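Peer 1: Each chain, written out:
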Amino acid sequence: MSQPPDLAISTRGLTRSFGPVKAVAGIDLDVPKGMIFAVLGPNGAGKTTLLRMLATLLPPDGGSASVMGHDLRADPDAVRGVIAMTGQFASLDEDLTGRENLVMLSRLWGFAGRAARDRATDLLAAFDLADAGNRQVNTYSGGMRRRLDIAASLIVTPGVLFLDEPTTGLDPTARQSVWRLIRQLAASGVTILLTTQYLEEADQLAARIAVIDKGRKIAEGTSRQLKAQTGSGVLHVTPSDPGQLEAAEAMLATTGPVQRSAEGATLSVPVQDAASAHDLLARLIASGVEVADFSMGQPSLEEVFFALTGAPPEEETA
Amino acid sequence: MTDALLKRVERPAKPSALSNAMVFGWRAVLKFKHVPEQLFDLVMTPIMFTLLFTFVFGGALAGTPGSYLQFFLPGILVQTVVFNAVYSGMGLSTDFSKGLFDRFRSLPIWSLAPFTGLMVGDLMRHLIAGGIILGIGLILGYRPEAGVMGVVLAFAMLLAMGFGFGWVFLVLGMMVRTPTTVMTLGFTILFPVTFASNIMVDPATMPDWLRGFVEVNPVSLMTTALRGLMDGTATAGMLAVALIAPVLLTVLLAPVTLMLYRRK
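Here the protein sequences come in this chain order: A and B. Here the working numbering is used: the first residue of the first sequence is 1, the next is one more, and so on. Here the working numbering is used: the first residue of the second sequence is 1, the next is one more, and so on.
Mixed in with the good hints, there may be bad ones.
Cβ-to-Cβ under 7 Å is the rule here; a few derived chain A residues that face chain B [claimed, not checked]:
1. R73
2. D77
3. D93
4. R107
Below, a list of computed lysine-lysine pairs in the DSS-like style, where the Cα atoms sit at most 27 Å apart [stated by the list, open to error]:
5. A:K214 x B:K98
6. A:K33 x B:K7
7. B:K98 x A:K33
8. B:K31 x B:K98
9. A:K33 x A:K217
10. A:K22 x A:K214
11. B:K7 x B:K98
12. B:K98 x A:K22
13. A:K217 x A:K22
Listed next, the stretches of chain B that the computed footprint assigns to chain A, with coverage defined by at least 3 CB atoms under 8 Å from CB atoms of chain A [as the list claims (entries may be wrong)]:
14. 25-34
15. 105-118
16. 131-140
Hints are computed from structural coordinates only; laboratory data are not their basis. This one's a predicted model, so the numbers in the text were calculated from it and none came from an experiment. Just so you know, even glycine gets a beta-carbon here, dropped at the ideal spot from N, CA and C.
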C-alpha cells in the first residue's frame, strides 16, 4: 500500500476478531510524522488490539496498514526495525537489574560489548534511574518501572513509539513525569501513538485524538474540535431541595444532555466554557432553583461518550 | 534528562542469529545469579525422594539401603530432569503473562532466539540439579561402576531426555495462561509417568496390564539406559530405545512450539 511520505502510520479498514468478538472492526487512521496521536476509549474498545497489530504482535484479519512506509503485512520485520512498543504491563525481566535489562536489549539491537554497556548507562542517566540501575526490577516502584520500560523502547531512536496506557496505575507525580518524557520525545521528532482512557491525558499530550468504541472510530479531531462536540467541560449542580431536581433537569436539558449522578442528587451537563457555565448557573438560580453546590470539571470519558453517542460506554472484555 | 533524550541513536548493523541467541543464553545465566533459590525448588524434591526411598523403603525393597541406592540413583536422575522440564514451562508462561515476550517479538531479531535461551537455561538446570543429586548419592555410598566416562555419557543421555520433554512443557507454557496451572497440569502428567516406571522398583511384581505400560514407558527406557551406562552394562540397543521418545518429541513438538509462538 502506498503512503504519503509525511505519514508515519496509515491504516485502512483494519480488522481483527477474537472468535465472535470483533475487537477492531474496520479502523482508518492517518498519523502524520512527529505527532503525538491519542487513541481514546474505554476498556475493551479495541485500543490494545489496534496497537498490537501495528506493533506486529498480532496479525490483522483484514484491511491494510503501513508504518513509516513499510507494509505491515508484507514486511513486518522492516516495521519492527522502526518501531518500539511499551505495553500495558511492564515488558521487562523483573529478576534482572535495570541495567541488565537495557544491556540485554542493546545487544539484541546489535550494540556489542562496550557499546551496549554505554547505551545502558546513557539511558539510565537520562531516565533518572542511574542510582537504581544495579537493583533488580522487582524492587522498583510503579513510576520507575514505567520509566525503565520507556527507556527500553529507546535503545535505538524509533520512528514510531507505541505507548499502551502509559500512565494507568501511576500516582499523579509519576504521571506528570511520564507526560514530560513523552513531550520531550515528541520534540525530538519521534512519532508517538498512545492509548488512554483519560480525556485529560489525551487533551494534555495529543495534537489529534481518535475516539474509539466497540472496535470503531466514532470521532476524530484535535482536542478543540472534539470539545466543540462534547463541551470543554462539565457543570455539576446539586440543588438544595431534591424536590427541585426535575425542574432543574428540565432547565439544564435546554443546553445539552443531562446526566444524573448515581445517587441522583447531582446533575451534570456539558458546557462550552466558563462563561457559558456562569450564564447557565445564573439562569438556573433566576428560575428559582436553590443551588447547594456546584463545580466545573473536565468531562470524563463517560461524559465524552455520552455527548458523542448518547450512551455511556459499555464494558466489554476483549 | 533532556540532552540524552534528544540525541538520535541510529540502529547499528543487524546482529547475527547466533549473537541474538547468545544474548538469551546470557539472560539464563543471569537468572541463576539473581534467583539462586530456583535451584532449591529443583533439587529439594529429588533429595527428599532419594533419602526417603533409600532409608525408609530401601531395606525392605532391596535388602539393604545401600544396594537400593545403587538401583535407585540413576532413576532419580531421570525423574529430576523430567520434573525440571515443568519449571521451564512455568518460566515461559510467566514471561508471556508479564508481556516480556511482546517486547522480544516487536524487536527485529531472529524469532527463535528467545527459545534457544530457554534451552540453554534448561540444560544448565539439568546439569546443576543432576550434579547435586549425584553428589549426594556419592556421599551416601553410591558407586558408578563404569567410572567417570559412564557418568559423562549418562549425563549426556539425561540432557537428551530433558531436551525432549522440555518441548511438552514449552507447548503447555504457551497454551496455558497461568504459571501455576502449568505446574499442576505438568505434575498431573508426570506423577503417573514417573511412578509407573522402573525408577523405584522392579516392575516384576506389577499386574500384567501395568507392566505392559511400564516396559514401554520412555522414563523406564531411559532409566534402564542410565543404569546400564553407570554400571558399565549398557548395550547400543538400550541407548537407542531410550532416545526414541526424546527424538520423537523434538521432531513433533518443536514445530508446534514455533507455530504457537508465531501465532501468539
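Peer 1: Compare the structure with each hint and give your call.
Peer 2: Hints, verified against the model:
The interface hint given for R73 of chain A is violated, since its Cβ lies 14 Å from the closest Cβ of chain B, which is over the 7 Å cut-off. Taking 7 Å as the C-beta contact cut-off toward chain B, the hint placing D77 of chain A at the interface holds, the least distance being around 6 Å. Satisfaction of the interface hint for D93 of chain A is found here, the shortest Cβ-Cβ separation to chain B being roughly 6 Å, below the 7 Å cut-off. Below 7 Å, beta-carbon pairs count as interface contacts, and R107 of chain A has one with chain B at about 5 Å; its hint therefore holds.
With a C-alpha separation of about 26 Å, the suggested pair K214 of chain A and K98 of chain B falls inside the 27 Å cut-off, and the hint holds. Restraint check: the Cα-Cα separation between K33 of chain A and K7 of chain B comes to about 18 Å, which is no more than 27 Å; the hinted pair holds. A hinted pair counts as satisfied when its Cα atoms are at most 27 Å apart, and K98 of chain B with K33 of chain A does not qualify at roughly 31 Å. A hinted pair counts as satisfied when its Cα atoms are at most 27 Å apart, and K31 of chain B with K98 of chain B qualifies at roughly 16 Å.
As the CA atoms of K33 of chain A and K217 of chain A are separated by approximately 21 Å, the hinted pair is consistent with the 27 Å bound. Restraint check for K22 of chain A and K214 of chain A: the C-alpha separation of about 8 Å stays at or below 27 Å, so the hint holds. This hinted pair does not check out: K7 of chain B and K98 of chain B have alpha carbons roughly 30 Å apart, beyond 27 Å. Between K98 of chain B and K22 of chain A, the direct Cα distance comes to roughly 25 Å. Compliance with the 27 Å bound is thereby established for this hinted pair.
For a cut-off of 27 Å, the pair hint linking K217 of chain A to K22 of chain A stands: about 13 Å separates their Cα positions. With 5 residues having a beta carbon nearer than 8 Å to a beta carbon of chain A, the stretch 25-34 of chain B meets the requirement of three or more and the stated coverage holds. Counting residues of the stretch 105-118 of chain B whose C-beta sits closer than 8 Å to any C-beta of chain A gives 6, which meets the bar of three, so the coverage hint holds. Counting residues of the stretch 131-140 of chain B whose beta-carbon sits less than 8 Å from any beta-carbon of chain A gives 0, not enough to reach three: the coverage restraint is violated.
Of the numbered hints given earlier, the model fails hints 1, 7, 11, 16; all others are met.
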